[in-house]
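Engineer: Turn these sequences into a full structure, and let the hints steer you where they fit.
Heads up: the sequence lines are chains A and B, in that order.
The opening residue of the first sequence carries number 1 in UniProt numbering; numbering runs sequentially from there.
The opening residue of the second sequence carries number 1 in UniProt numbering; numbering runs sequentially from there.
No wet-lab data here; the hints were simulated from the structure.
We put the CB at the ideal spot given by N, CA and C, even for glycine.
Please note that a few of the clues may not be correct.
As the list claims (entries may be wrong) - Quick list of simulated restraints, FRET-style, between CB atoms: (1) B/Ala29 x A/Arg112: 36 to 44 Å; (2) A/Gln47 x B/Asp62: 46 to 54 Å; (3) B/Leu13 x A/Arg112: 56 to 64 Å; (4) A/Gln47 x B/Leu22: 36 to 44 Å; (5) B/Leu43 x A/Thr25: 36 to 44 Å; (6) B/Leu125 x A/Phe15: 37 to 45 Å.
What the hints assert, rightly or not - Just so you have them, the derived chain B footprint on chain A, three or more residues with Cβ under 8 Å: (7) 7 to 13; (8) 39 to 47; (9) 50 to 56; (10) 67 to 78; (11) 103 to 110.
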Amino acid sequence: MPLIIGMSMLLVCQFAGELVAKGLTLPIPGPVIGMVILLVALMIRGQVPSSLRLAGEGLLHYLTLLFVPAGVGLMVHFELIGADFWPIVVTLLVSTAVTLGMTAWILERLQRRFSLGSGQEGDDR
Amino acid sequence: MNVASFDQLWVYLSGNPLLSLLVTLLVFALAVRINAAVGGTPLLHPVTLSIALLISLLLLVDMDYATYFEGAQFIHFLLGPATVALAIPLYDHRERVRRLLWPLLMACGVGVFTAVSSTLALATLLGADTKTLLSLAPRSVTSPIAMGIAEQIGGIPSLAAGLVLLTGSIGCALGPWIFRLLRIKDPAVQGFTLGMAAHGFGTAHAFARIGAVAGAFSGLAMGLSGLVTAFVLPLITGMLGIG
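Structural biologist: Here it is in structure tokens:
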């Protein structure tokens, strides 16, 4: 039973997320809004129910498997990929490297400055 | 068994969602084994390997993607609840997230800007087709979000999903190398960066290879960058007049 209850909680949040996304015609996918809804619910409740943890962490453990079916869809676009092969490869490699570098560098610097500046004030707020 | 009955059996099996579901699971299990046997290198990521094996297999038995997806959709569907479940590690590490809220938000802004602008600039410079360009644009966010964005700005959703996966495996492969280069050791920073640049792949990699803190920050980065990109990208392509 716990697995079913936990899975139902995830699906309820996803469903609510889909409703919000469609209702307000937001360009954000339903599951992402569902994630925000679940986070708020957990904040209010103050703990993660064990059934939810069972279902949720089970899914997250196999997250990579879930990308496989969509990835196989690449086979439908071989022609377009072939035509733009080099632009795609170079863009993916260079842009991903630059994004990794910039994000890591900025966060490392900001985090150091931030923890130095607020270190004495404590974590009471 | 004679040839005719084998043919009938194949017709039955290939029209049944059970077969592609089973094959997907078996191929993935095999890919995980192969990846472990070669020392867990991200260059032969289980997902990229599974996709390559499955595409070869489908071409070999002449099954089209739509037929395959009839079975595989049961796995694909679970991406939704899994995305929702990312709230759990976030909640577990809420204190650390709260303390670092501003640096994280600023890093997210910079990350999204870098990803989108470098992608659009490079692909345009190298002369990619407009359809390709618009499918590449959301490549740094998780596939369910990227597919939505691609559709909205005039790209091809399923191509976008594929490019997202390639981005993810490239990000996991380049990540450790870039962290060494920049001397970044903090698991929170590593996780956040991987989630930012390599979304779900990065998050899975962070959980498996670095730890729960890195995984939580990676999930946070993936959610945040998805939200921000979903809002900002249609504005950018509209402003640049692409599409």
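Engineer: Does each hint fit the structure? Answer for all of them.
Structural biologist: Here is how each hint holds up against the structure:
no.	hint	verdict
1	B/Ala29 x A/Arg112: 36 to 44 Å	holds, 43 Å
2	A/Gln47 x B/Asp62: 46 to 54 Å	holds, 52 Å
3	B/Leu13 x A/Arg112: 56 to 64 Å	holds, 59 Å
4	A/Gln47 x B/Leu22: 36 to 44 Å	holds, 38 Å
5	B/Leu43 x A/Thr25: 36 to 44 Å	holds, 42 Å
6	B/Leu125 x A/Phe15: 37 to 45 Å	holds, 43 Å
7	7 to 13	holds (count 4)
8	39 to 47	holds (count 3)
9	50 to 56	holds (count 4)
10	67 to 78	holds (count 11)
11	103 to 110	holds (count 7)
The earlier numbered hints are all upheld by this structure, with none contradicted.
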